[in-house]
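Student: Chain by chain, the residues:
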Amino acid sequence: MADKGSASKAADTDFRKKWDKEEYAERARKKDQDEKERMQENEERMNQGKKPRKGPRRDDLPKPTELMKQRDAPLELDKNLGKTMVVQNPGGKGPGQPGFFCEACNRTYKDSVGYLDHLNSRAHLRVLGQTTKLARSTLAQVQARIALLREKTKAASTAKAYDFDQRLAEVKAKEVALREEKKAAKKAEKEKTRLELIKDTAMDQDDDMAKMMGFGGFGSTKK
Amino acid sequence: MANTTVTGALSIHGKNPQFLVETVIRNRIYESSFWKEHCFALTAESLIDKAIEVTYIGGVYGNQRPTSFMCLVLKLLQIQPEKEILVEYLRAEEFKYLRALAALYIRLTFRSVDIYELLEPLLKDYSKLRLRDMAGYSLTFMDEYVYSLLTEERVCDIILPRLAKRQVLEENGDIGPRKSRLLDALEGKSDADEAA
Chain A
1 MADKGSASKA ADTDFRKKWD KEEYAERARK KDQDEKERMQ ENEERMNQGK
51 KPRKGPRRDD LPKPTELMKQ RDAPLELDKN LGKTMVVQNP GGKGPGQPGF
101 FCEACNRTYK DSVGYLDHLN SRAHLRVLGQ TTKLARSTLA QVQARIALLR
151 EKTKAASTAK AYDFDQRLAE VKAKEVALRE EKKAAKKAEK EKTRLELIKD
201 TAMDQDDDMA KMMGFGGFGS TKK
Chain B
1 MANTTVTGAL SIHGKNPQFL VETVIRNRIY ESSFWKEHCF ALTAESLIDK
51 AIEVTYIGGV YGNQRPTSFM CLVLKLLQIQ PEKEILVEYL RAEEFKYLRA
101 LAALYIRLTF RSVDIYELLE PLLKDYSKLR LRDMAGYSLT FMDEYVYSLL
151 TEERVCDIIL PRLAKRQVLE ENGDIGPRKS RLLDALEGKS DADEAA
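Going line by line, the protein sequences match chains A and B.
Positions 1 to 223 (the working numbering) are the ones given, in order, by the first sequence.
Positions 1 to 196 (the working numbering) are the ones given, in order, by the second sequence.
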């Protein structure tokens, strides 16, 4: 134990990773500095009667710029419903864990209600860059939207009526195909049972008669 | 923040507009997944898309579960769109559930004179509406629904604010006399008979 310093003068330790001691020393010094500042701040806060701050200051995110918008893509909360998945490292964080995972904030939630609450929360919106103000819709926008939807529903209904005949023909063709399939399946079944029957009877006769009489049996061997 | 009324909203009947829906039902709506998932950050424009997908009107059903219709009513109360937008909603004749939604909001928030003026034309509309309540699904018609809005106290589990009697408004001169569609139709018929 006393000679620990002069122990390893060996030359074959070059494969080991070299760390930049300066950089990590600097980092550790900065961390200590931050801790000291935090402790000083906490003292002040205690003197003022406020509670002490636990983590680092959270002013890092830029001020949100966009107004609150709807989510673009559907959430698909039930895409994993009924599925069984293997969890890679139990008790860790990240997208592998069971439940709902929010990538922006790096948090998992065990149920959909909690997840939805988080998605609508101020903290998450801050990460996305949205304020909690809502954009007002104008009358013109509403009118345009109603007109658009009217066109869409009209187009959908006309599209349906248009290829009614075509769909009728398709349905008929499908029915015929189904019937053919059933027939083919039944035929295959019959063939199989017939073959098996022949094989069985052939086997019996071969066994008994051949031993005694020397020939196969009285039935025909025609297939 | 997700459940607070928009800033700068006017008070309706002297209170926060969202309080027109009773506390219990309001909290059930706030906790429902439809509200959290689909009714977040809806504007008057995107609300139309949701309203079109509604297939039944109603208050609560099952185990005090709010309908999506109810959630959209509360959303309208929360964002409080302008009056012209509501009138625009009423004019979309193909989307009857959007119309029903607008009718309920108008009954809750507008003045008596405006309510009579805007909702009486809807009495001509005979389209069918599906009503879902604690007893299951039932059939009703748009004109029956609007009539219940004008005469009854409770529609879709919401207590409706007081509406001045039509007679009072007519005596004050705010509104013209009631134009009955039946009377018009009868007059039209009798003219045709006499001519023939």
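These are calculated hints, taken from the structure and not from any lab test.
Since the structure is predicted, the reported quantities are computational estimates derived from the model, not experimental observations.
Possibly wrong hints are sitting among the right ones.
List of simulated lysine-lysine pairs, BS3-like, C-alpha gap at most 27 Å [stated by the list, open to error]:
{"id": "1", "chain 1": "A", "residue 1": "LYS154", "chain 2": "B", "residue 2": "LYS50"}
{"id": "2", "chain 1": "A", "residue 1": "LYS69", "chain 2": "B", "residue 2": "LYS83"}
{"id": "3", "chain 1": "A", "residue 1": "LYS133", "chain 2": "B", "residue 2": "LYS50"}
{"id": "4", "chain 1": "B", "residue 1": "LYS128", "chain 2": "A", "residue 2": "LYS154"}
{"id": "5", "chain 1": "A", "residue 1": "LYS36", "chain 2": "A", "residue 2": "LYS69"}
{"id": "6", "chain 1": "B", "residue 1": "LYS96", "chain 2": "A", "residue 2": "LYS154"}
{"id": "7", "chain 1": "B", "residue 1": "LYS124", "chain 2": "A", "residue 2": "LYS79"}
{"id": "8", "chain 1": "B", "residue 1": "LYS124", "chain 2": "B", "residue 2": "LYS96"}
{"id": "9", "chain 1": "B", "residue 1": "LYS83", "chain 2": "A", "residue 2": "LYS160"}
{"id": "10", "chain 1": "A", "residue 1": "LYS79", "chain 2": "A", "residue 2": "LYS69"}
Restraint-style ranges between C-beta atoms, simulated for each label pair [stated by the list, open to error]:
{"id": "11", "chain 1": "B", "residue 1": "THR7", "chain 2": "A", "residue 2": "LEU75", "range": "22 to 30 Å"}
{"id": "12", "chain 1": "B", "residue 1": "VAL113", "chain 2": "A", "residue 2": "PHE101", "range": "52 to 60 Å"}
{"id": "13", "chain 1": "B", "residue 1": "GLY176", "chain 2": "A", "residue 2": "GLY129", "range": "47 to 55 Å"}
{"id": "14", "chain 1": "A", "residue 1": "ARG29", "chain 2": "B", "residue 2": "ASN3", "range": "43 to 51 Å"}
{"id": "15", "chain 1": "B", "residue 1": "ALA135", "chain 2": "A", "residue 2": "LEU75", "range": "49 to 57 Å"}
{"id": "16", "chain 1": "A", "residue 1": "ARG107", "chain 2": "B", "residue 2": "TYR137", "range": "50 to 58 Å"}
{"id": "17", "chain 1": "A", "residue 1": "GLU170", "chain 2": "B", "residue 2": "GLN64", "range": "44 to 52 Å"}
A few chain A positions that, by computed beta-carbon distances, are all more than 12 Å from chain B [unchecked claim]:
{"id": "18", "residue": "MET85"}
{"id": "19", "residue": "SER121"}
{"id": "20", "residue": "LEU134"}
{"id": "21", "residue": "LEU148"}
{"id": "22", "residue": "THR201"}
No residue lacks a Cβ here, since even glycine has one placed at the ideal position from N, Cα and C.
Student: With reference to the structure, classify each hint as holding or not holding.
Tutor: Hint check results:
This hinted pair checks out: A:LYS154 and B:LYS50 have alpha carbons roughly 18 Å apart, not beyond 27 Å. For the hint linking A:LYS69 to B:LYS83, the alpha-carbon distance of about 23 Å falls within 27 Å, and the restraint holds. Between the alpha carbons of A:LYS133 and B:LYS50 the distance comes to roughly 20 Å, so the proposed pair stays at or under 27 Å and holds. Proximity of B:LYS128 to A:LYS154 is assessed by CA-CA distance (about 20 Å); at most 27 Å being required, the pair is judged to hold.
At most 27 Å may separate the alpha-carbon atoms for a hinted pair to count; A:LYS36 and A:LYS69 exceed this at roughly 41 Å. For the hint linking B:LYS96 to A:LYS154, the alpha-carbon distance of about 15 Å falls within 27 Å, and the restraint holds. For the suggested pair B:LYS124 and A:LYS79, the alpha carbons sit about 45 Å apart, so the restraint of at most 27 Å is broken. Simply put, B:LYS124 and B:LYS96 have alpha-carbon atoms about 13 Å apart, close enough for the 27 Å limit, and the pair holds.
A C-alpha spacing of about 36 Å is found between B:LYS83 and A:LYS160, which places the hinted pair above 27 Å, so the restraint is violated. Of the pairs offered as hints, the one joining A:LYS79 and A:LYS69 holds, with about 24 Å between alpha carbons and a cut-off of 27 Å not exceeded. One distance hint, 22 to 30 Å for the beta-carbon pair B:THR7 and A:LEU75, holds here, with the actual separation near 27 Å. Distance hint check for B:VAL113 and A:PHE101: the Cβ-Cβ separation is about 54 Å, which falls inside the suggested range of 52 to 60 Å.
A hinted range of 47 to 55 Å for the beta carbons of B:GLY176 and A:GLY129 is consistent with their spacing of about 54 Å. Taken as a hint, the range 43 to 51 Å holds for the pair A:ARG29 and B:ASN3, whose Cβ atoms sit roughly 47 Å apart. The hinted range of 49 to 57 Å is not satisfied by B:ALA135 and A:LEU75, whose Cβ atoms lie roughly 32 Å apart. Under the hint 50 to 58 Å, the C-beta atoms of A:ARG107 and B:TYR137, about 40 Å apart, miss the expected range.
For the pair A:GLU170 and B:GLN64, the beta carbons lie near 46 Å from each other, so the given range of 44 to 52 Å is met. With a least beta-carbon separation of about 23 Å from chain B, A:MET85 lies farther than 12 Å from that chain, consistent with its non-interface assignment. Distance to chain B contradicts A:SER121 as a non-interface residue, since its nearest Cβ pair spans about 8 Å, not more than 12 Å. With a least beta-carbon separation of about 6 Å from chain B, A:LEU134 fails to lie farther than 12 Å from that chain, contradicting its non-interface assignment.
Non-interface status of A:LEU148 relative to chain B is broken: a Cβ of that chain comes within 12 Å, the nearest being about 9 Å off. Taking the minimum C-beta to C-beta distance to chain B, about 64 Å, the non-interface status of A:THR201 holds against the 12 Å cut.
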